[in-house]
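*Asks:* Spelled out from the first residue to the last, the chains are:
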Amino acid sequence: MDQDLKTELSKHGIFATSFEELYNWGRKNSVWPLTFGLACCAIEMIATTMARYDLARFGAEVFRPSPRQADLMIVSGTVTKKMAPQVVRLYNQMPEPKYVIAMGACAISGGPFRDGYNVLKGIDRYIPVDVHIPGCPPRPEALIHAFMTLQEKISGQHLTGESRPRHLRQDLPSEFPVPEFGEHGLEPPQNNEIFPNPLKVLQG
Amino acid sequence: MTLPGMTLESISSRLQASIPGCQAELVVNGSPSAQNSLLIDRQHGLEVARLLRDDLQLDFCSNVTAVDWPDREKTEKVKAKQVVDGVEKEIEETRKTIIPGYLEMVYHLFSMTLKEGPVVLRMRTANRTDDVSLPSFTPIWRSAEFQEREAFDLYGIVFDGHPDLRRILMWEGFTDHPMRKDYVPPPDDELEALGER
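Order-wise, the sequence lines are chains A and B.
Under the numbering used here, the residue at position 25 of the first sequence is numbered 25, and the numbers go up by one with no gaps.
Under the numbering used here, the residue at position 55 of the second sequence is numbered 55, and the numbers go up by one with no gaps.
Read the hints as simulated data drawn from the structure, not as lab findings.
Just so it is clear, CB atoms sit at the ideal spot from N, CA and C, and this is done for glycine as well.
A hint or two may mislead.
Derived contacts from chain A toward chain B, CB cut-off under 8 Å, selection only [to be verified]:
1. K82
2. Y117
3. K121
4. F181
5. E183
6. H184
7. G185
8. P189
All chains should be built: construct the whole structure from the sequences, respecting the hints.
*Replies:* And the structure:
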């Protein structure tokens, strides 16, 4: 049904929608984040949920302290190599559909601590990230923008066809390998399935 | 330092008088802070620490840290006499000597009773590779426990007499000592390898 006809019908008090739209509308307006903070970005995340910025307007006020009840992981802060396996394990324990926002320079790339011996150079090495937000730390407005970007992504997903979300596909993995503590760093240093090594990409 | 007994010179002479064979060398800091320190030998470290706590009432060890001193090359010009074609000539030679490296512990001691401090102690290991043990000061000042574990973790200094010597920041099974000058991080930075950074 095209948009013009829908608008015309709504003028006459008739609401027409598709199952897909209704389904995605419901999903995108009740994304429950995991209560999970790593560093200073977590303070901005907390500020976002409080009265002044009020993430509840977007249906995400319920921060769940258990990964089993959460839909969204906001990686807010520096991921140390010692913490990275636990972050991946928490992600694996979340049920589908699940999403990840990498908040701030550290979660994206290691940020100012990238050259440190103890800092993971971006959480997208081990888990798939849906929205990246730059900033050090990003302001609450930036997190809200990231959240709205995620909502747009959810509402644009088709329930059939190749682009359908991961929880409707049997062939895509829902859990990712947890890195192990090695003698010099994490083993493996990245998950090549989701984070292709740029050196190898260039070499073909 | 206000009390006459608390200058580093007087502490040094008192240590040498009380503990036979003890070395307590004054290390002068030439910077504006002029925070001089005492270099003590590791064989008498524990006795020195006990004397400082019990007799000089330095009852609080606030800061424990380590310094890595790698091998240094020293060049000096030396005048030497050499016989060239039967004639003795004086020529100038450049001599290079390698000063072997060591690991150094630094302790900052205060006295809560006398409101004095800091007294800075230094202790050095024999080298950086196989003889890296120092006496632990944890039995004397309990506050040294975690900070000595940190020095063990990040510098690889082994403390004899430490009650619980384990890594504290890095995981068990990690083999490197990241704060050493010659530490090379694992090659997990692709951007650096691409020359983008």
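*Asks:* Each hint needs a verdict: does it hold in this structure or not?
*Replies:* Against the structure, the hints come out as follows:
Nearest Cβ of chain B to the Cβ of K82 (chain A): about 6 Å, under the 8 Å cut. The hint holds. At its closest, the beta carbon of Y117 (chain A) sits 4 Å from a beta carbon of chain B; the interface hint therefore holds under the 8 Å criterion. A least Cβ separation of about 6 Å between K121 (chain A) and chain B falls short of the 8 Å threshold, and the interface hint therefore holds. The interface hint given for F181 (chain A) is met, as the beta carbon of that residue sits about 4 Å from the closest beta carbon of chain B, less than 8 Å.
Interface hint at E183 (chain A): satisfied, since its Cβ lies 5 Å from the closest Cβ of chain B, which is below the 8 Å cut-off. With a cut of 8 Å, the hint placing H184 (chain A) at the interface with chain B holds, because the nearest CB-to-CB distance is about 5 Å. Of the supplied interface hints, the one on G185 (chain A) holds, with its beta-carbon coming within about 4 Å of a beta-carbon of chain B, less than 8 Å. Given the 8 Å rule on beta carbons, the hint for P189 (chain A) holds: about 4 Å separates it from the nearest Cβ of chain B.
Figure legend: structure checked against the earlier numbered hints; every hint is met.
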